[in-house]
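*Asks:* Use the sequences and the hints to build the structure in full.
Going down the list, the sequences are from chains A and B.
Going by the numbering used here, the final residue of the first sequence carries number 854, and the count climbs one at a time with no gaps.
Going by the numbering used here, the final residue of the second sequence carries number 854, and the count climbs one at a time with no gaps.
A pair holds if it fits inside one copy or across any two, identical chains being indistinguishable in the list.
Mimicking BS3-like on lysine-lysine, the simulated pairs with C-alpha atoms at most 30 Å apart in a straight line are:
| no. | residue 1 | residue 2 |
| --- | --- | --- |
| 1 | Lys-630 | Lys-403 |
| 2 | Lys-476 | Lys-576 |
| 3 | Lys-684 | Lys-648 |
| 4 | Lys-529 | Lys-576 |
| 5 | Lys-565 | Lys-676 |
| 6 | Lys-694 | Lys-684 |
| 7 | Lys-760 | Lys-610 |
| 8 | Lys-604 | Lys-760 |
| 9 | Lys-529 | Lys-495 |
| 10 | Lys-694 | Lys-752 |
Hint data in this document are derived by calculation from the structure and do not stem from the laboratory.
2 protein chains.
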Amino acid sequence: MTENKPGKITMEKLVSLCQRRGFIFPSSDIYGGLSACWDYGPVGVELKRNIREAWWRANVQERDDMVGLDTSILMNPKVWEASGHVTQFSDPLVECKSCHQRWRADDLKENKCPTCDGEVTEPQLFNLMFKTFMGPVEEAANVVYLRPETAQGIFVNFQNVLNTSRKRLPFGVAQIGKAFRNEITTGNFIFRSREFEQMEIEYFVKPGTDDKWFDYWVEERLNWYMKLGIKKENIRLREHSKDELAHYAKRCFDIDYNFPMGWSELEGVANRGDFDLKQHMEYSGKSLTCLDEESKEHIVPYVIEPSAGVDRSVLAVLCDAYDEEIVNDELRVLFHFHTDLAPIKVAVLPLSRKENLSAVAKDVYADLRPCFVTQYDDTQAIGRRYRRQDELGTPYCVTVDFQSLEDNMATIRERDTMNQIRVPIAALRDTLQAKLAGEDLFVLPEGGVIWKQGGE
Amino acid sequence: MTENKPGKITMEKLVSLCQRRGFIFPSSDIYGGLSACWDYGPVGVELKRNIREAWWRANVQERDDMVGLDTSILMNPKVWEASGHVTQFSDPLVECKSCHQRWRADDLKENKCPTCDGEVTEPQLFNLMFKTFMGPVEEAANVVYLRPETAQGIFVNFQNVLNTSRKRLPFGVAQIGKAFRNEITTGNFIFRSREFEQMEIEYFVKPGTDDKWFDYWVEERLNWYMKLGIKKENIRLREHSKDELAHYAKRCFDIDYNFPMGWSELEGVANRGDFDLKQHMEYSGKSLTCLDEESKEHIVPYVIEPSAGVDRSVLAVLCDAYDEEIVNDELRVLFHFHTDLAPIKVAVLPLSRKENLSAVAKDVYADLRPCFVTQYDDTQAIGRRYRRQDELGTPYCVTVDFQSLEDNMATIRERDTMNQIRVPIAALRDTLQAKLAGEDLFVLPEGGVIWKQGGE
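*Replies:* Right, dumping it as structure tokens:
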């Protein structure tokens, strides 16, 4: 049986599992979807929320030198003139002279239309910003764009942040939010979609210290992924070559992940110099400087930009945590999510639906749910329920059985090892709290701990 | 001095304070803003996050009958044909025959242009959905809309949610996300903007039980606001009259808040019957039914929709918490935020910048910050720093003074009462934890508690 061979992850398996378990659905599914847009289901939304929270905690709340921001998607169009997006943010596009389909010039092998083999036009630049019209008249004066990146919302608020937060160099501003790009070529599940979510930092430093801070942030961001359980061998740094660098960038590193389709960018860290602030000073006529404590002069700082994708982080976490193994001659599929990221932390599973068991299990559930995202499931055979929780990446299952009625103990079953440990019901909450926090030791108020090895 | 008279809140005062303290800025501020779009600053983003979290916790994580969802802003345009938005979601608009400005027909007192007094046209329906073009060609086939509500993302995923979460009637789906409406008339700060954030629930019930569940949700949502500290006298229910009801709605209540500009809608709770699911069944050809456990028949459920605005909730919380009073002959302005919502929970303020004080204060800060969002401030006279924290709505300030070096105690100053209590430094964290959780009693491991009354 092919089902019984543990294999490697493929995008097909992942997409199918994500839909089946409620992680990610195609957007507008019942209408045949919408090209390259995706919806996060009941489990996926919790995974995504946990990734956002981990990023916000590490980059805003646990740091003295950072503040958060949440700027709007629709911005004054002058922002995109200043940033260069109106003139520069384009892909070369050709059109077939026969069937009038359009193609990205660099995607064509020959100068022929892939559909009808017709002749194609010379490449024309096609701007990737979505545009719309604000106010009741559709005319050029009312054109606004859906932001293609969240970063500019930080630059235009530079002085507002400085005035209200009283930060001094070096300091950073962090933001999470949606961005939109009318990509010609999309695909690879949630890797490249037209609507996506960014987690961006703009870290302002004194010119001359920028190389040091650039190195710091590359290291810092790399460590963040590894702290969340991404395996070191699946992540690499790739420096942009001189001719690959954006015109404003002094230096840029991609943090690549080894996705099923190959190594691809998970995050970019760029030294943007003073390009953005200077452009906005010129276009707005406003001063965007701050005091250099040493020289007592007002300077335009340099900026280091670690720019991550929420959806790409979700995809990397899913790929990295995915695992297949054979247990009792059957295929076990599971996600080894880091406990901070797991959408569901604990599942409470009564061995049967018998009333006396349900009563105890429901008490356990009521005790745990205020502390962790907990699910109660009494629908099928216990083995199938364990497999379901494995596919949801739930780190701990708590099983209440008939012996629990005698000894007031329940079984904690660990996702990764399938080890089972028997714990007094009164100590369940503290034990799980310690385990979820990654603490090795836990103290039971009474009674012992009995280990059962792999007993499924 | 007029400054010394405590007065009532006005929108002008609130907008100014929000900008000065980093709650909310006009979007694209340095370019003169963008009509009716706003950015949340370093403090505002934390307030908004706390409101979202409180809603998610209450409506998803603490309930067995609800799951979350996060669907995309861009959806297949057929969604908006089925929902009725393409044909129905319009305002009547007139155009001035002389100056060609456009106006909302129901905003004009007479049939004259408010700008040039010119004659205006007959009203024409103007659709409020923002539209854009997906893919490289601008033509009708590629039109997509920015969603004008998050609700439809839930309806089109009804079957996906049912298949993956195995919920049974009654159950609900909750979602938080951005929506966009090309409103002709905007204003009142963040009350009506063209880009806004919704928190919507679609709660599916068996037809016949819908009146009961409608009453339940009106009560539930009302209580949610009051649990977050909104004063009962500032909130009211208003039932829609028959001719005010949307054509699909069986019944609708507005939860109104007493904003500075008068009573206005904070949230709507509607009984939408089976309108939405039936429309999507017709337009998609897919079955959107679920099993009724009693009759064992597949039915199209009715839906109760409590639809709240994140930005309106932020505005209500700001207005409700705003206060002015005279203290020592000076005006004190403060926000009495509920501790769960306060953007900053604790501020650590060394009495002076002397090194030995800083060392102790920084230890205190390092001890508290992993537990609560904590700010360290040593910039000005202590009185000014208290006033600053009052304007940020910080519930507790911890002051480290020279006596602290002798007795290892620090002062906790309460925002609302200005009472000061002296607490052993070793007990600060537990004491603040208890106070923030609203617990009356707290136990100090050693040493006593000395109360000082209003000593500023």
